[in-house]
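Participant: Okay, here's what each chain looks like letter by letter:
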Amino acid sequence: MNKTLKVLLTSAALTFSAGTAFATECIAPANPGGGWDFTCRQIGKILFDLGLVADPVQVTNMAGAGGGLAYSYVVTERNTDEDLIVAASSATTTRLAQNAFGGMTADQVRFVGAIGADPGVIVVAADSPFQSLTDLVEAIKADPGSVAFAGGSAAGGFDHMKPLQVLKAAGFTDITSVKYIGVDGGADAITQTVGGFTQAMTGDMSEIVGFINSGEVRALAVLTEERVPGFENIPTAIEQGYDVVAVNWRGLYVPKGISDEAFNAWGEKLAAVAASAEWQEAMAANGLAPFTKVGGDFQSWIDQVVADTVELSKEIGVIQ
Amino acid sequence: MDILSNLALGFEVALSPMTLFLAVIGCFLGTIIGALPGLGPSNGVAILIPITFTMGLDATAALVLLTSVYYGAMYGGRISSILLNIPGDEPAMMTTLDGYPMAKNGRAGDALVISGVASFVGALLATIALALVAPFLARIAYKFGPAEYFALYALAFATLGGMASNNQAKSALASFIGLGIALIGIDNNSGFTRFTGGNLHLADGIDFLVAIVGLFAVSEVFFFIESHGKGSAVGVVLGKVTVPWREIWSTRWTMLRSSAVGFVAGVLPGAGASLGSFMTYMMEKSIAGKKGGFGTGVAKGVAAPEAGNNAAAGGALVPMLTLGVPGSGTTAVLLAVLMTLNITPGPTLFADRPEVVWGLIAALLIANFVLLAMNVPMVKVFVRILQVPPEILLPGVTMISFVGIYSLSGSYFDLLLMVGFGVMGYIFRKMDIPTVPVILGILLGYQMENNLRHAMTLSGGEWTYLLSSPISIGLWVAAALGFIAPMFLRRYLRKPQMVTD
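Protein chains in written order, with the numbering used here: chain V, 307 to 626; chain W, 2 to 502.
For the record, the hints were derived by calculation from the structure and aren't laboratory data. Note that the structure is a prediction, hence the values are computed from the model and not measured. Glycine included, C-beta positions come from ideal geometry on N, C-alpha and C. Please note that the accuracy of each hint is not assured.
[Said to hold, decoys possible] Rough simulated footprint, nothing fancy, chain W against chain V, three-plus residues with beta-carbon under 8 Å: (1) 392-403; (2) 418-424; (3) 449-460; (4) 470-477.
[Said to hold, decoys possible] Beyond 12 Å from chain W on every Cβ pair, some chain V residues (computed): (5) Asn337; (6) Leu358; (7) Asn367; (8) Met368; (9) Ser378; (10) Phe407; (11) Ala431; (12) Phe436; (13) Asp494; (14) Arg533; (15) Val551; (16) Thr598; (17) Val612.
[Unchecked claim] Looking from chain W toward chain V, a few residues come up when the C-beta cut is under 10 Å (computed): (18) Leu201; (19) Phe223; (20) Glu227; (21) Val338; (22) Leu417; (23) Gly421.
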């Protein structure tokens with residue numbers, strides 16, 4: 307017992323110190339418990355299980371400024387570190403596009419790949435009168451104040467933009483009159499919606515899986531091109547006549563200053579993680595849809611997404 | 002009975018030698034982590050996460066280890082509150098108010114035993130309640146919208162007056178300073194930053210752990226330097242530990258009431274254990290009235306917050322397991338672990354993975370008895386850790402504070418901020434301004450503002466929305482009574498003199 311205790315204490319002390327010198331570090335730019343933390347821990351675990359890295363990946367939580375703190379830290383202090391990966395998602399590019407990272411731009415790091423996407427969803431409580439996305443959109447068109455959305459991101463964030471994109475696609479222009487409250491995460495947003503304080507919730511598929519299964523909420527639409535495997539009974543927005551796709555991809559970026567070999571090596575490792583049975587299982591359990599793009603492909607896709615987001619943000623007045 | 006067969010399943014899982022062993026280890030580490038100022042349950046659990054993966058523990062075993070640490074830290078927090086006047090973690094803040102005066106009166110042993118028993122009662126009742134009512138109780142969260150939460154926070158502030166100070170104005174000043182600090186960071190309702198001076202480090206606001214460690218631990222170091230170690234808070238001697246049965250028995254209703262209130266506070270997502278210990282202390286203080294002598298070192302003053310915060314720890318597991326909404330900082334970390342282990346907490350968890358849930362509940366029951374044994378008869382072991390001479394202990398406290406805060410964000414900026422709060426705490430204590438309301442302002446201010454603004458968004462600026470449900474009206478009435486009653490009663494009550502350093 308004493309020996310194990312010693313081991314426990316020593317390893318506690320080790321993980322507590324600045325970090326083992328040579329292990330790969332994954333920075334989750336948020337507190338434990340969110341999507342970025344999940345990305346780091348899950349990818350880190352699979353990288354080690356598959357033998358792609360020699361030591362267990364050390365996860366560092368660096369919360370601050372919605373990822374901005376970690377971004378500026380990587381750009382200014384770790385720009386050539388080849389053993390560093392950073393969790394990223396649509397929120398990262400949305401904020402970069404909206405200039406929310408204190409003047410930093412998306413080309414100051416290299417986006418190495420995405421290995422899954424959390425489809426955007428719009429849900430209502432099970433007892434809601436809205437049966438389809440059209441019901442909801444028409445109600446807002448008739449009286450914009452009658453429907454309030456709850457979501458897990460702050461005003462102007464990705465969750466806020468999803469319903470606005472749908473409404474824009476429906477030809478509704480008075481976008482600033484739509485009510486939105488940003489609460490602490492998707493589960494909280496559902497609680498507010500089931501409790502009847504807001505009429506609809508906007509979020510990611512992973513946030514609603516448990517509530518869909520228990521029958522407490524009804525998903526009006528999923529914002530993907532095709533219906534999501536495992537959730538075939540949820541119609542897409544496109545089917546209902548609103549041409550909107552909004553997925554929250556889960557992936558990584560690496561420092562700008564690393565060699566092309568190192569960048570490509572991370573792309574290959576990430577592709578291996580994406581193909582692993584363990585990741586497939588994790589995706590299914592968490593409502594993620596397959597979405598694998600790595601290396602140069604991913605970088606050019608990201609550039610397009612950032613450009614699109616800048617345009618949309620200007621239209622809805624989030625940036626000048 | 003469903004529940005009995007469920008519990009049988011749980012004990013089957015929990016009574017394996019490995020799981021039991023993990024529970025004991027977790028309790029031991031947790032108590033140490035809790036007792037060390039600066040290291041709280043959330044860092045404690047976060048530190049141990051990599052170990053659970055390295056050891057290849059399965060979901061149940063990992064959860065048992067981590068929740069034992071969580072419960073252990075809630076027990077351990079009181080030890081440094083009582084002996085050093087430095088809360089070991091944020092929920093133990095209220096325990097300093099009577100625990101430290103008791104220790105100064107030479108009754109440190111009694112304070113530790115009484116608070117240990119109160120912790121046991123609170124945690125035990127909360128665990129039983131978790132088993133019995135979790136699936137139903139989860140629905141309470143559906144009854145709380147922005148208006149109700151705002152009223153709840155208003156209640157907390159309304160009862161602040163007169164706490165921890167003889168001077169209401171100083172108390173009010175301190176809480177407004179705290180609320181002001183809470184305004185720093187991104188305005189959640191517009192997406193723009195406020196009062197950050199363009200500094201990204203301030204964009205998420207100031208973490209209340211930075212403030213707590215600065216105001217309590219770092220300022221203590223400054224006092225120590227000033228007095229060259231003479232008359233410093235540190236170094237209360239603990240004599241023979243005996244069990245004051247009569248006093249424990251006299252606090253039985255306090256413990257029961259506090260457990261109930263603490264549990265409900267824990268179930269509500271938000272401030273969790275801190276709000277639980279705060280509300281129970283204020284409740285018992287007003288029930289006891291002038292004869293209660295709260296603040297001078299009375300048994301009920303340590304029993305109430307300890308039963309309250311340990312019950313809240315159990316309560317906070319309810320929304321985490323049933324809704325996936327963390328009720329406290331630590332449960333947010335536990336939630337992350339569950340997700341990594343491919344368990345999605347939510348309404349279906351109890352049906353889908355009964356062995357995880359009931360194994361956890363059974364393990365918590367066992368851990369609780371282990372903790373009682375560790376924290377009452379064996380309390381001297383933990384006390385000894387804190388009883389090294391001040392000239393060694395204080396540098397140690399300083400080091401742990403720095404390491405603990407650095408581990409939160411990995412940013413040196415927080416360290417500078419912490420030292421800044423240390424200076425602030427030193428000046429405040431010199432001027433006899435209480436520091437507890439500052440912390441509460443920071444802790445609750447963000448949520449209070451957010452909920453008010455959500456309420457205004459939803460109602461289109463109609464203030465009557467704040468009074469639109471029976472729950473919010475009830476909370477406002479309680480807040481009004483809590484605020485006004487002391488003003489009228491003051492002439493009849495002679496306030497006990499606070500022990501001030």
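Participant: It remains to establish, for every hint, whether it holds in the given structure.
Facilitator: Against the structure, the hints come out as follows:
no.: 1; hint: 392-403; result: violated (count 0)
no.: 2; hint: 418-424; result: violated (count 0)
no.: 3; hint: 449-460; result: holds (count 3)
no.: 4; hint: 470-477; result: violated (count 0)
no.: 5; hint: Asn337; result: 7 Å, violated
no.: 6; hint: Leu358; result: 16 Å, holds
no.: 7; hint: Asn367; result: 7 Å, violated
no.: 8; hint: Met368; result: 5 Å, violated
no.: 9; hint: Ser378; result: 6 Å, violated
no.: 10; hint: Phe407; result: 7 Å, violated
no.: 11; hint: Ala431; result: 9 Å, violated
no.: 12; hint: Phe436; result: 17 Å, holds
no.: 13; hint: Asp494; result: 6 Å, violated
no.: 14; hint: Arg533; result: 21 Å, holds
no.: 15; hint: Val551; result: 23 Å, holds
no.: 16; hint: Thr598; result: 20 Å, holds
no.: 17; hint: Val612; result: 18 Å, holds
no.: 18; hint: Leu201; result: 5 Å, holds
no.: 19; hint: Phe223; result: 25 Å, violated
no.: 20; hint: Glu227; result: 31 Å, violated
no.: 21; hint: Val338; result: 8 Å, holds
no.: 22; hint: Leu417; result: 14 Å, violated
no.: 23; hint: Gly421; result: 17 Å, violated
Hints 1, 2, 4, 5, 7, 8, 9, 10, 11, 13, 19, 20, 22, 23 from the earlier list are contradicted by this structure; the remaining hints agree with it.
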